[in-house]
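Protein sequences, first through last, are from chains A, B, C and D.
Throughout the first sequence, residue numbering follows the UniProt record's numbering, covering 1 to 369 in sequence.
Throughout the second sequence, residue numbering follows the UniProt record's numbering, covering 1 to 369 in sequence.
Throughout the third sequence, residue numbering follows the UniProt record's numbering, covering 1 to 382 in sequence.
Throughout the fourth sequence, residue numbering follows the UniProt record's numbering, covering 1 to 382 in sequence.
Worth flagging that the hints you see were computed from the coordinates, not collected in a lab.
Hints may contain errors.
[As the list claims (entries may be wrong)] Reference listing, derived: stretches of chain D covered by chain B, where coverage requires no fewer than 3 residues with Cβ under 8 Å from a Cβ of chain B:
| # | stretch |
| --- | --- |
| 1 | 101 to 114 |
| 2 | 177 to 183 |
| 3 | 205 to 217 |
| 4 | 230 to 238 |
[Said to hold, decoys possible] Derived coverage of chain A by chain D (criterion: at least 3 residues anywhere in the stretch with Cβ under 8 Å from a Cβ of chain D; other residues may be distant):
| # | stretch |
| --- | --- |
| 5 | 34 to 42 |
| 6 | 100 to 112 |
| 7 | 181 to 189 |
| 8 | 257 to 265 |
The beta carbon of each residue, even a glycine, is placed where N, CA and C say it ideally should be.
The chain contents come next:
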Amino acid sequence: MAAPHDVHDAGRLAAPTTPDPDLVEVLTDLFADYRDTRPTPTAVVDLDRELWQRLEDLGMTRLTGSESSGGSGGGWVDAAALLGLAAAAAAPVPLAEHDVLGGWLLEAAGLPNDGGLRTVCRPDPSGVALNVTWARDASRVVALWEDRDEWRVADVPADRIGIEERRNLAGEPSDTVEFDVDDLEAGMLVPHEIGEQFHLRGALARSAQVVGAMERIVEIVLTHVRERHQFGRPIGRFQAVQHLVADIASETALARAATDAAVARAAASDWQDPGMLFAVGVAKSCVGHAASVVVRGSHQVLGAIGTTLEHELHTLTKPILARRSEYGSLHDWDESLTTLAASAGHDRLWTLVTTGRAKPFHDHRSHAP
Amino acid sequence: MAAPHDVHDAGRLAAPTTPDPDLVEVLTDLFADYRDTRPTPTAVVDLDRELWQRLEDLGMTRLTGSESSGGSGGGWVDAAALLGLAAAAAAPVPLAEHDVLGGWLLEAAGLPNDGGLRTVCRPDPSGVALNVTWARDASRVVALWEDRDEWRVADVPADRIGIEERRNLAGEPSDTVEFDVDDLEAGMLVPHEIGEQFHLRGALARSAQVVGAMERIVEIVLTHVRERHQFGRPIGRFQAVQHLVADIASETALARAATDAAVARAAASDWQDPGMLFAVGVAKSCVGHAASVVVRGSHQVLGAIGTTLEHELHTLTKPILARRSEYGSLHDWDESLTTLAASAGHDRLWTLVTTGRAKPFHDHRSHAP
Amino acid sequence: MSARLVPPGARELPALTELRLEVRAFLAEQVAAGAFVPHVDTWLTRWDRDFTRELGRRGWLGMVIPTRYGGQGRTYLERFVVTEELLVVGAPVAAHWVAERQIGPSLLRYGTEEQKQAYLPGISRGEVVFGIGMSEPDSGSDLASVRTRAERVEGGWRLTGTKVWTSGAHEADAFFALARSAPLDPEHRHAGLTQFIVDLRAPGVTIRPIVSMGGDHHFNEVHLEAVFIPDDRVLGEVGEGWAQVTSELAYERSGPERVLSTFQLLAAAAQAMDDGRLPLDPGLGRHVARVAALHHMSFAVSAALEKHEEADTAAAVVKVLGTTEEGDIADYVDTLNATGWALDEELDTLLHAAILQRPGFTLRGGTNEILRGVIARGLGLR
Amino acid sequence: MSARLVPPGARELPALTELRLEVRAFLAEQVAAGAFVPHVDTWLTRWDRDFTRELGRRGWLGMVIPTRYGGQGRTYLERFVVTEELLVVGAPVAAHWVAERQIGPSLLRYGTEEQKQAYLPGISRGEVVFGIGMSEPDSGSDLASVRTRAERVEGGWRLTGTKVWTSGAHEADAFFALARSAPLDPEHRHAGLTQFIVDLRAPGVTIRPIVSMGGDHHFNEVHLEAVFIPDDRVLGEVGEGWAQVTSELAYERSGPERVLSTFQLLAAAAQAMDDGRLPLDPGLGRHVARVAALHHMSFAVSAALEKHEEADTAAAVVKVLGTTEEGDIADYVDTLNATGWALDEELDTLLHAAILQRPGFTLRGGTNEILRGVIARGLGLR
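Extracted from the complex, chain A is given alone in its bound form:
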């Protein structure tokens, strides 16, 4: 990917937002190598500690951590690229949980980070958290806890939590975690905004992962329709197949545009832009609807072979669906956007679209007819 370059006086009008090209090159090589050497897909997906170690050696597992806390000081643009490339390789590593969410929470709370593998969750008032990805593999679990309107972050060692092992649609660990409420109460107080931001950061991290996986699917689909012959010609010559492929690629591109815009806004404002809720919602909505088209279309184009365990396709389509329902369902996000749009109303809808801001947020239920 080329570095930003400006022609004319366009540079003062618009700023391209692209990740560090060196980083992208290193990661592209690493994941290409991983993809070439990994074992045949299985229905159950476990943490790849060897891959995790390689990423750690490159500073990738602490990419977004401040350098003072032992991180690489990377921003969200680079982090989103990392998440996307890892997802495209279906790499079973908790980059989002450990660094982008967990590492950030620890820093926000002023807690030390020893670099040991972490995951994150939001336990309920009884101390239980559902669907905690990679919990069984973590040395500590970072818990964000809301307790009588106060928000706390606790970094709880694995030996102090109870784990009921479960798996998500993708076959990944997605465990039920039970904390001792005392451990949560002993957490560090954090500002109220951290609670909201956690949800947004989680949603955007998931969007970046899903888009990365969809882009890999586009490649798989293109290769397939060129190589696979039916009725005496490559199936990519059939107009119906071309249209399916065009739709898959177009929806992926739209999801990419929405995600990149939210990432750029997050990076430019360090998440302080009040339009982040809208920007993340746009990404989550477009990514979620694109997922329906891409998952359905890619399986349809690939046919029966794409439904087998040994094929790469499901290592992407299953995580796509598993992740789109995390940090808010597609329906939840569309409802949030509806609330924002209705509240903006006729005269400020366009302002909302371009800046993410309009009138103050209010509960839409009071407006139900």
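Start from chain A and add chains B, C and D according to the hints.
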């Protein structure tokens, strides 16, 4: 259309429901003749009194009226066929308003019917009714009025109502009507069920009209893709066009199946079957969603020529959209069905699908999470 | 009125509803007794020979097979309602599915008297389990490209080749294999194919699992290495395999299993909305309406088949709309479901299974792209 | 990361936002003053020469035309934000649309110095109004099949033929006509075409209205009967018409008018939901999200064009997704709107206009079927 015929012992298992073949033949000829001789389409559509007279001479304007009241004693199966065939010819005549709804209300109220052209509406408490189709052309307007939980039917002469002339999307008269509340209060008391039934009968009549228009569109589309050449061959040879046409025809067929099932249930039970709400909802929902596919797809297949005033297509697509929003929007009906389905729940959803009945109706808002 | 793509509908009469309620009551008892756990796509994924035999005992198998062959001698309409009831409750019906839907009718139409006597009574009792061998590696939707070779030998034929996507072959007794009994003539690609009845325990047969993306084993690859097929196990006419295979497609494509594979999920979603575990959303009503309309349409096709009316195009319409809908239900519920929000074991289990099975819905039995072509042909466009 | 179908996005910086807000403030004043009533699809249906001239006075026309030809010498990005602001508010921009979008850039690229001097200043002032003559009866999406004949005569050419779907021809001063200047060679169907600048008041030109399904007159049929075109009104090279016409497609296809034609309806629907006149429904959020994402994507294509990067495939993606979305908005609001329930004049007016204009969205400028083929070609499939 062939008369019902049974093979094996299937006759005791299932009853085909088809309209009187003689009636269908007469009407097919009449509307074919009408279509051949009518003027070029215009943006504004007015009542065709000559066609109305021809229909009256055949007893078609009082098809469903009881013979004792001067009607032809036809049932809903025949009425639905008449509505569909008239809609397929884009015939500007108020068959639904005058006979199927207005005539029925008069009979239900025990009011005399002089056969003069009527339309129907449900005025609000102040005596105003919006979007009353053909009001300006009616000699009397049949009003169904809810007044402090009592339902009344009044047959108000044209010279006692105020009319603000408006037109609907199809260019048809769709006027605002203002009654003298005294005239409404002087109406005949009718049972409460008449109020609910009016909505259902209106919705099903609209469904029958829309399906009839969609079936004509399928014919137009098929003719077009056979005759129109591009890139050296009929466009119907292109796979993308074939798929568009297949989708148009399939959605139309599904809408037809849903509408016929509701009509058959109405005819078999004289609207007394408690499953009518569900059956009509299924028809209205399937017809409404089919309308999106058929209107969009047919205009896409026909291209620019299909958007011109002189072309037949818009005489069908505009009324389809005008009618699908009458007697409840598509969203309203989907919500009603949702309420029924949620209330049926896991164990009785299939009973609901097959019989239209499950647990008693209740307001879904109390169940909002 | 325009020529109809789908036959006119018909109303179910009490005699039929009585049968429906009888089956429903039996199934409710079975669920209550824990005999099976309702699931999605059970006609592919839930195999239970005991349950199948119990259906046979109750007269709900071999329904359209004449009584002289051990069947029930009843109508397609009666089979239709029994099938619907079994599917909506998510009963384990995979063991008899292929035999009941395709093998029985094919044997009745093309089988010799000896073949009918040999297989139909066992099928009707749910004791003889069949698979079907059509697809091959790389054949996809282009069935005429099958390469399994049938070589004429003394007293019969020797089959060599590989069939794929044979569901349940590892549990079945026999399967129908389509093979090339004469060299491919590029001008007449559909000529020279023959159907054979192959004993899956015969020497030369090797069965290997094809594991699905969820980790389940339903499909198999069946290798035939010079498997001897005696002359009396040729089905129908030599060289007429293509016509035989395609003649039964309306029966295969319009059945309720093309609509109801995810009905248990839809029912669970309705319950979850009522309980407040899923948001109330008008999409539920839209999907229920489509399922109801498809129920009417599928019934109408059955009524036409009962009267021996041509219904190939109508069957393709049911399959395209129905399989799309049963898949859309899975995606719809998935868009409502917020992971981590609450644990709803039943809904999650059904949803995940539906998502994993969904890709197959619009592929098996002819892809929806192929079938929309069939509809276009029915409309006179090709 | 895979090769991207669409160029990477870019963030709007304050210098651009300032221009945006300047335009927005002017338009808000105009609406408040009743200078125009916001509407849908105004780049086709709302013609106002005064308004167009006012834009010219303010420097918001001819934005990418160099100052030496009377233009503003600004960037595609600046033109982009001005265009967006004009479209979202539903301003009457039809009079200058074709000249501003296509004619200006084409003249700049292919015109002679004399042609540029003759037309560009007037275009930049909003005083010279242009149409475009590409389609012909029966040509549809197959532009190479045009039959308008250009015959070589002393000092120029004589054009004979019929152009259709020329928007605004009855109000325009001139149009670009694509004509066949050499006989059709079936092996090279795209050769032998030439672009001409035709004075619509010249002898031999007859303009007849094509009335649209809603009863409006925007389109025309333009008959050319041996219309004389002097040599200095040939655009570019004789025989190069096809290359010239297709080289500008990215500019035509990726603009905000392929996304925002129904924005006023979406805004009215948002207001109606807030007021309780329409039911609150998550579909609103879904549509707003798509419009927002398309805004980013369309901007990204503009940024690429500014840098002279190739963007034909990306432009096709914007047009397919954008025109589908602007039409889907019309259908979506229609499914929520209950006729007879309440009178909402503004919403009804916008909704009906949007429904009537919708069929054109996915046809004009290349049908979506053709464009999905363009995308497939961009992906290497043809």
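Outcome of the hint check:
1. Coverage of the stretch 101 to 114 of chain D by chain B is violated in this model, with 0 residues showing a Cβ closer than 8 Å to a Cβ of that chain against a need of three.
2. Counting residues of the stretch 177 to 183 of chain D whose CB lies closer than 8 Å to any CB of chain B gives 0, so the stated coverage by that chain is violated, three being the minimum.
3. Coverage of the stretch 205 to 217 of chain D by chain B holds [criterion: at least 3 residues with CB-CB distance below 8 Å; count 6].
4. Note: the stretch 230 to 238 of chain D has 0 residues with beta-carbon separation from chain B under 8 Å; the three-residue rule is not met and the coverage is violated.
5. Look at the stretch 34 to 42 of chain A against chain D: 0 of its residues bring a Cβ nearer than 8 Å to a Cβ of that chain, fewer than three, so the hint is violated.
6. Counting residues of the stretch 100 to 112 of chain A whose C-beta sits closer than 8 Å to any C-beta of chain D gives 0, which falls short of three, so the coverage hint is violated.
7. Using a Cβ-Cβ cut-off of 8 Å, 0 residues of the stretch 181 to 189 of chain A lie near chain D, which falls short of the minimum of three, so the contact claim is violated.
8. Chain D is given as covering the stretch 257 to 265 of chain A, and this holds because 6 residues of the stretch bring a CB closer than 8 Å to a CB of that chain, at least three being needed.
Of the numbered hints stated above, those contradicted by the structure are hints 1, 2, 4, 5, 6, 7, listed in ascending order.
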